[in-house]
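Asks: Sequence:
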Amino acid sequence: MHKWKRGYHSVQQNRTKINLRNESGMTLIELLASIALLSVVLALAGAVNMFGQRQYMTQSYSASQSNNYAYTLSVISREIRKHPYASITVSELGDTLLIDKVEFFSKKGSQLFKNGNQILAEDVGSFVVSSDSETESIKILLKSISEKNNQPKEYQTTIYLRE
Numbered sequence: 001m002h003k004w005k006r007g008y009h010s011v012q013q014n015r016t017k018i019n020l021r022n023e024s025g026m027t028l029i030e031l032l033a034s035i036a037l038l039s040v041v042l043a044l045a046g047a048v049n050m051f052g053q054r055q056y057m058t059q060s061y062s063a064s065q066s067n068n069y070a071y072t073l074s075v076i077s078r079e080i081r082k083h084p085y086a087s088i089t090v091s092e093l094g095d096t097l098l099i100d101k102v103e104f105f106s107k108k109g110s111q112l113f114k115n116g117n118q119i120l121a122e123d124v125g126s127f128v129v130s131s132d133s134e135t136e137s138i139k140i141l142l143k144s145i146s147e148k149n150n151q152p153k154e155y156q157t158t159i160y161l162r163e
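In full-length UniProt numbering, the protein residues as written are 1 to 163.
It should be emphasised that the hints constitute simulated quantities derived from the structure, not laboratory data.
Don't take every hint at face value.
To be verified - Once the Cα atoms are required to be at most 20 Å apart in a straight line, the calculated PhoX-like pairs of lysine-lysine come out as:
| hint | residue 1 | residue 2 |
| --- | --- | --- |
| 1 | 153 | 101 |
| 2 | 153 | 82 |
| 3 | 108 | 82 |
| 4 | 114 | 101 |
| 5 | 114 | 143 |
| 6 | 114 | 139 |
| 7 | 143 | 101 |
| 8 | 114 | 82 |
| 9 | 153 | 143 |
| 10 | 153 | 139 |
| 11 | 139 | 101 |
As the list claims (entries may be wrong) - Estimated spans, in silico, between C-beta atoms of each pair:
| hint | residue 1 | residue 2 | range |
| --- | --- | --- | --- |
| 12 | 126 | 59 | 44 to 50 Å |
| 13 | 46 | 162 | 56 to 62 Å |
| 14 | 116 | 46 | 47 to 53 Å |
| 15 | 52 | 32 | 29 to 35 Å |
| 16 | 101 | 126 | 51 to 57 Å |
| 17 | 77 | 151 | 52 to 58 Å |
| 18 | 83 | 143 | 23 to 29 Å |
| 19 | 93 | 45 | 37 to 43 Å |
| 20 | 89 | 122 | 22 to 28 Å |
| 21 | 43 | 110 | 15 to 21 Å |
Note that the structure is a prediction, hence the values are computed from the model and not measured.
Just so you know, even glycine gets a beta-carbon here, dropped at the ideal spot from N, CA and C.
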């Protein structure tokens, strides 16, 4: 019995003793593999973030342009309704609206002007005005310039004049 206690005591001493030679850490290969995996995950997260930012910029530009064109068409409609149909004429090219033979709305470059000096809209691809004498109506078409990977959008209205 005495031998057993001595053997048990030495086993217990070996367990409490810290043996640094038997502990294993990360090898260089494991470290490189973890860094490579982390870099792939970070690259994917960065790509998703960049895609989201680009999409946000495109959509906010499109929404802003749509808002500006809707405002422009409402201003044109309000001004036209103040005058009788007989005083409204359209230029031969259809890009200028004249009221009382005075240039009221016209496109110059990529901007739409009111009275020749007040900018109503920017990035205008085309401004087409047509007049129908039978129905006494004026049809206005605004087409945007395609920018920032957007397709050009068309905004139109038909104004029926009442007398």
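Asks: Now tell me if each hint is right for this structure.
Replies: Results for each hint:
1. 153 to 101: Violated, at roughly 30 Å.
2. 153 to 82: Violated - the C-alpha atoms of residue 82 and residue 153 are around 28 Å apart, more than 20 Å.
3. 108 to 82: violated (24 Å)
4. 114 to 101: Given that 20 Å is the threshold and the Cα spacing comes to 14 Å, the pair holds.
5. 114 to 143: Given pair residue 114, residue 143 holds - Cα atoms ~17 Å apart, limit 20 Å.
6. 114 to 139: holds (17 Å)
7. 143 to 101: Measuring from Cα to Cα gives roughly 25 Å; hence the hint is violated.
8. 114 to 82: holds (15 Å)
9. 153 to 143: holds (6 Å)
10. 153 to 139: holds (17 Å)
11. 139 to 101: holds (18 Å)
12. 126 to 59: 44 to 50 Å: violated (23 Å)
13. 46 to 162: 56 to 62 Å: With Cβ atoms ~58 Å apart, the hint holds.
14. 116 to 46: 47 to 53 Å: For residue 46 against residue 116, whose Cβ atoms are near 49 Å apart, the range 47 to 53 Å holds.
15. 52 to 32: 29 to 35 Å: holds (31 Å)
16. 101 to 126: 51 to 57 Å: violated (24 Å)
17. 77 to 151: 52 to 58 Å: For residue 151 against residue 77, whose Cβ atoms are near 25 Å apart, the range 52 to 58 Å is violated.
18. 83 to 143: 23 to 29 Å: holds (25 Å)
19. 93 to 45: 37 to 43 Å: Once the Cβ atoms are compared, 53 Å apart, the range 37 to 43 Å for residue 45 and residue 93 is violated.
20. 89 to 122: 22 to 28 Å: holds (26 Å)
21. 43 to 110: 15 to 21 Å: violated (39 Å)
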